[in-house]
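Student: The primary structure of each chain is shown beneath.
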Amino acid sequence: MKTIHVAELTQNIREMCIEANHCLTSDMDCALKNAVNTERSQLGKQILNQLQDNLRIAGDDRIPICQDTGMAVIFLEIGQDVHFEGGNLEEAVNEGVRQGYADGFLRKSVVKDPLIRENTRDNTPAVIHYEMTSGESVKITVAPKGFGSENMSRVFMLKPADGMEGVKNAILTAVKDAGPNACPPMVVGVGIGGTFEKCAIMAKKALTRPVDEHSAIPYVREMEEELLDRINRTGIGPGGLGGTTTALAVNINTYPTHIAGLPVAVNICCHVNRHAVRII
Amino acid sequence: MERYMNAPLTDEDAKSLHSGDYVYITGTIYTARDAAHLRMYEALDRNETLPLELAHNIIYYMGPSPAREGRPIGSAGPTTASRMDKYTPRLLDLGLKGMIGKGKRSDAVREAIVRNGAVYFAAVGGAGALLSKSIIASEVVAYDDLGTEAIRRLEVENFPVIVVIDAEGNNLYETAVREFGTI
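Here the protein sequences come in this chain order: A and B. Per numbering that gives the first Met the number 0, the first sequence starts with residue 0, numbered consecutively. Per numbering that gives the first Met the number 0, the second sequence starts with residue 0, numbered consecutively.
Excised from the complex, chain A in its bound form (with noise of 0.2 Å):
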């Protein structure tokens, strides 16, 4: 059994929705830089190297990467020998959204109620995904998620019988609806199986696994080698302006589901893909 005062967490997401919001992770990085080498359009080569002024700028001046600095999405994967002491769980997690969103100047994009509309103006609360695993450790993952790019994202509730065609086309379709509005070079984070709410969240944590990491299940990292070819073949391009990089991957995650079924989520996130990862 291991102790842990909540204050430590709040500390920690304070500081990870700061760090998220002005660097990428170095597989982020490394792809963005890639796609330079290997644009195909002019105009696509010149906006990437626009992507790389604009980290650089980000990381030196610590000016938030993209004006959208989100909407706080917070995986916690809880160790089931953990103790937590000093207070709420939840409160101390959105003590720390506010805490990191006050001190980083990042924006406060939260508004209280879906239709009337007012903003927190502290950008809580956050959506938190609790998850409970075995030993005495916690895994934080803060991915601040904007909503250009979430506002593109589908769930289609396949039959079986549509299959892996259906599948296929059902993702490629959410990214040609998406193009320029979703600010490309995307990461398209897919969830396939479970119910209605599991793809979702099966989806958005797809898009904080590596882009240089494929699935484990040979069949799946197949679909996500072929569905990034042909994304990457839709002509949609670096900010949708034409070119030959659309996306830098498709990550994929499955789950059984129910034989009637086939669900299918797919998030889409913008090349600020965003998220900070510690376990303390």
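Keep in mind the hints are simulated off the structure, nothing from the lab. Predicted, not measured: the structure shown is a model, and the values here were computed from it. Ideal Cβ placement from N, Cα and C applies to all residues, glycine included. Please note that a few of the clues may not be correct.
[To be verified] The calculated label-pair distances, taken between Cβ atoms and stated as ranges, are:
| # | chain 1 | residue 1 | chain 2 | residue 2 | range |
| --- | --- | --- | --- | --- | --- |
| 1 | A | D121 | B | R114 | 26 to 34 Å |
| 2 | B | R114 | A | N87 | 55 to 63 Å |
| 3 | B | H17 | A | F146 | 52 to 60 Å |
| 4 | B | R70 | A | G162 | 38 to 46 Å |
| 5 | B | L49 | A | R61 | 30 to 38 Å |
| 6 | B | K85 | A | K138 | 40 to 48 Å |
| 7 | B | T9 | A | Y218 | 54 to 62 Å |
| 8 | A | G162 | B | A136 | 29 to 37 Å |
| 9 | A | D121 | B | D143 | 14 to 22 Å |
| 10 | B | T9 | A | G162 | 39 to 47 Å |
| 11 | B | E41 | A | I216 | 51 to 59 Å |
[To be verified] No farther apart than 16 Å at their CA atoms in a straight line, the calculated lysine to aspartate or glutamate pairs in the EDC-like style are these:
| # | chain 1 | residue 1 | chain 2 | residue 2 |
| --- | --- | --- | --- | --- |
| 12 | B | K132 | B | E154 |
| 13 | B | K132 | A | D59 |
| 14 | B | K132 | A | D60 |
| 15 | B | K132 | A | D52 |
| 16 | A | K175 | B | E173 |
| 17 | A | K32 | A | D211 |
| 18 | A | K107 | B | D144 |
[Claimed, not checked] If you want a taste of the chain A side facing chain B, the calculated C-beta under 7 Å gives, among others:
| # | residue |
| --- | --- |
| 19 | Q10 |
| 20 | Q49 |
| 21 | I56 |
| 22 | T68 |
| 23 | G147 |
| 24 | G238 |
Model the placement of chain B on the given structure of chain A, informed by the hints.
Tutor: Frame of chain A; chain B shown alone:
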């Protein structure tokens, strides 16, 4: 083609731009996004004057992150333009000459752009740190209570944009994708 242009835009300037042109804008532009557009629309319904002059002006669909001390603005990239489509034709018919955003526009917006000899520019989405460097001054001029969604007057210097929809109705998002698409 590379162009350097002053804002506000003259009728001649707007009509001389072509889909695909890379334009550096210098001068005064205004920001407005979802909530400010709704308020302006409601103000027009009540026959009230708008807090900004529309004629010849450019609206930038943008809500910045807070400025650090000594800086005019925080991160300042474009937001998705299609959310403003509902309000845009009316503003164009009242003289609005240009819009800077990112993403697709509706047919009604494209028709209003052609009808009014206006132009829709894209700035690179997700490059808010870089774009902030071309903004030399920023001042809230209306709807301060909306926070990041307030209307701001910006002074910009060589602000980089690309013409997506020109006054003839050509649309770079459609033509460029056809040029590079192979499926």
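Student: None of the hints should be skipped; say for each whether it holds.
Tutor: Tested hints:
1. A/D121 / B/R114: 26 to 34 Å: 43 Å, violated
2. B/R114 / A/N87: 55 to 63 Å: Distance hint for B/R114, A/N87 holds at roughly 57 Å.
3. B/H17 / A/F146: 52 to 60 Å: 31 Å, violated
4. B/R70 / A/G162: 38 to 46 Å: For B/R70 and A/G162 the Cβ distance comes to about 54 Å; the hint is violated.
5. B/L49 / A/R61: 30 to 38 Å: 36 Å, holds
6. B/K85 / A/K138: 40 to 48 Å: 43 Å, holds
7. B/T9 / A/Y218: 54 to 62 Å: Roughly 59 Å apart at Cβ, these two residues keep to the hinted range, so it holds.
8. A/G162 / B/A136: 29 to 37 Å: For A/G162 and B/A136 the Cβ distance comes to about 58 Å; the hint is violated.
9. A/D121 / B/D143: 14 to 22 Å: 18 Å, holds
10. B/T9 / A/G162: 39 to 47 Å: Given a distance of about 58 Å, which is not inside 39 to 47 Å, the answer is violated.
11. B/E41 / A/I216: 51 to 59 Å: 53 Å, holds
12. B/K132 / B/E154: 11 Å, holds
13. B/K132 / A/D59: 13 Å, holds
14. B/K132 / A/D60: Cα-Cα ~11 Å, so holds.
15. B/K132 / A/D52: 11 Å, holds
16. A/K175 / B/E173: 12 Å, holds
17. A/K32 / A/D211: Satisfied, since the Cα-Cα distance of roughly 13 Å is no more than 16 Å.
18. A/K107 / B/D144: Given that 16 Å is the threshold and the Cα spacing comes to 13 Å, the pair holds.
19. Q10: Since the shortest Cβ distance to chain B is 22 Å, the answer is violated.
20. Q49: 5 Å, holds
21. I56: Holds, about 4 Å.
22. T68: 6 Å, holds
23. G147: 5 Å, holds
24. G238: At 5 Å from the nearest chain B Cβ, A/G238 passes the 7 Å test, so the hint holds.
Consistency with the previously given hints fails for numbers 1, 3, 4, 8, 10, 19, ordered from lowest to highest.
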